[in-house]
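> Line order of the protein sequences matches chains A and B.
Reading the first sequence from the start, the letters are residues 877 to 1011 in this note's numbering.
Reading the second sequence from the start, the letters are residues 3 to 115 in this note's numbering.
Note that these hints are calculated values from the structure, not bench results.
Small disclaimer: the values here were computed from a predicted structure and weren't measured.
There could be a bad hint or two in this list.
[Said to hold, decoys possible] The list that follows gives simulated cross-link-like pairs (lysine to any residue, SDA-like), each with its CA atoms no further than 25 Å apart: (1) A:985 / B:24; (2) A:929 / B:65; (3) A:985 / B:92; (4) A:985 / A:887; (5) A:1011 / B:89; (6) A:985 / B:77; (7) A:985 / B:13; (8) A:1011 / B:106; (9) A:985 / B:68; (10) A:1011 / B:91; (11) A:985 / B:95; (12) A:929 / B:114; (13) A:1006 / B:64; (14) A:985 / B:47; (15) A:929 / B:88; (16) A:1011 / B:88; (17) A:1011 / B:96; (18) A:1006 / B:7; (19) A:985 / A:948; (20) A:929 / B:28; (21) A:929 / B:62.
[Unchecked claim] These stretches of chain B come out as covered by chain A in the derived footprint (C-beta under 8 Å, 3 or more residues): (22) 50-64; (23) 72-83; (24) 88-101.
[Unchecked claim] Derived coverage of chain A by chain B (criterion: at least 3 residues anywhere in the stretch with Cβ under 8 Å from a Cβ of chain B; other residues may be distant): (25) 890-897; (26) 907-921; (27) 982-992.
By construction, the Cβ of each residue, glycine as well, lies at the ideal position given by its N, Cα and C atoms.
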Amino acid sequence: MSAHDGEVPITVEGDIVAVRRLLREVAQEVGFGITDVTRVVTAASELARNAYKYGGGGVMRWRMLESNGRRGIELKFIDQGPGIADVSRALEQGYTTGKGLGLGLPAAKRLMDELDIESAAGAGTTVTSKKWCPK
Amino acid sequence: MGEFAISVIKVRDTLLVTVPAEPDDSTVSALQERVLSAMERHDPKRVVLDISAVETLDSFFARTVSETARMVTLMGGRTIIVGMRPAVAITATQIGVTLGGIETALTVERALD
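Chain B extracted, bound-state conformation (with noise of 0.2 Å):
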């Protein structure tokens, strides 16, 4: 991990988690258990999922990252992706990737809004 684990940082009353370009596997993973955990320590409305560093958004990346949406809902919280790029989002749509009940922005400034 090192410089390439995901960061999580409160921001008044959003959990604003920063995913790396290339997270492996064990990353991906730790990232529900750490969202789900700073979910409970800091009691935030929201969380701001940013991806805009990243290249590759396979289907365990984006069955992670439904799993974990929802269990934010459960735990009270909203979910917005943030910064998807183009040719992710081409190709995420195209393998059929849903990411249904979260919300997307463009930029983070916008999420928070």
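Chain A on its own, in the form it takes in the complex (with noise of 0.2 Å):
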């Protein structure tokens, strides 16, 4: 693969595999051992689900990254969905607890070194994260 970035929407349900089979491939490209190439799909899995099953669809953008010899990945899953009101709040729920929004998120923060997320009620969601090979 000589690709350095790249994007996959999100549109049916069977793109949450295509986004980890591809991240996948991506994620050994860069560099990552077996456990960090899990933790990468893993997360994008559960951003890639919610994108689908509360964002209503989206897109999946990821570049590799290069920053004082170190090498990483960043992924931004974007949609125009019902977006979150509380942020924070998402971000808290534990990974057992209750239904719908945000399930996910915990879990991909904890995988991940960073996660950013955008959004705000009727506006959409985009979050951001980024993964770096250890040193």
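Could you use the hints to bring the two separately framed chains together as a complex?
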């Protein structure tokens, strides 16, 4: 694979698996070990499902990162859905509690190194997250 | 689905359920229904869930498996999860997956002992 960035639509349920398969290859290419590859793919699965189920569909944009000799990956999940009214609360929700919005967010946050959410009620959601290869 | 479908086989008093590598959400949802109807039809003592091919265990998968195991218990059976990959075990633990009430085993042979 020679691409350093790309985009995957998230419009049908099968796209969640497509995101996982693609990012597994990309993460291996970046140089992550098997456990970190699994972390990236699992986080992406959570965020892709959120975009599909609660965001009404959207897109995932990925790019390889390089900084100070370290390589990494950035994932951006964008949807035009109803948005998250209380972002900090969505991040706090325990993994096992309740149904609905944000169950995957705390999980993704734990697996990645950085995770930021831009969202507001009625304004769609963009979740950007990064993971770096260990030094 | 097709070659990516979950297989459900009766082996003596055990229901052996084998999950493919990257099941989509519909396949994972179908797992619950298929296990429960197979339990009703075959009345096995236990359900062995072979996830040795599974590379990603996210909260959706974990939740479905937990619910299925609870239902199996209600129907009088035990659930044993087999073959969790190390990377999957590490990741699942990190995101707080607790397979409470479900036994685990390293291999199918162990689970059938």
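> If a hint holds in the structure, say so; if it does not, say that too.
Here's how the hints hold up against the structure:
1. A:985 / B:24: Distance ~22 Å between residue 985 of chain A and residue 24 of chain B Cα, so the pair holds.
2. A:929 / B:65: Given that 25 Å is the threshold and the Cα spacing comes to 16 Å, the pair holds.
3. A:985 / B:92: holds, 15 Å
4. A:985 / A:887: holds, 23 Å
5. A:1011 / B:89: holds, 20 Å
6. A:985 / B:77: Roughly 36 Å between the alpha carbons, so the hint for residue 985 of chain A and residue 77 of chain B is violated.
7. A:985 / B:13: Judged against 25 Å, a Cα distance of about 41 Å means the pair is violated.
8. A:1011 / B:106: Roughly 34 Å separates the two Cα atoms, so the pair is violated.
9. A:985 / B:68: holds, 22 Å
10. A:1011 / B:91: holds, 23 Å
11. A:985 / B:95: holds, 14 Å
12. A:929 / B:114: With Cα atoms ~38 Å apart, residue 929 of chain A and residue 114 of chain B exceed 25 Å; violated.
13. A:1006 / B:64: holds, 24 Å
14. A:985 / B:47: violated, 39 Å
15. A:929 / B:88: violated, 29 Å
16. A:1011 / B:88: holds, 22 Å
17. A:1011 / B:96: With Cα atoms ~21 Å apart, residue 1011 of chain A and residue 96 of chain B stay inside 25 Å; holds.
18. A:1006 / B:7: Violated, at about 32 Å.
19. A:985 / A:948: holds, 16 Å
20. A:929 / B:28: holds, 13 Å
21. A:929 / B:62: Roughly 12 Å between the alpha carbons, so the hint for residue 929 of chain A and residue 62 of chain B holds.
22. 50-64: holds (count 6)
23. 72-83: Answer violated; 0 residues pass the 8 Å Cβ test.
24. 88-101: With 10 residues closer than 8 Å to chain A, the segment 88-101 of chain B meets the three-residue bar; holds.
25. 890-897: holds (count 5)
26. 907-921: holds (count 8)
27. 982-992: holds (count 4)
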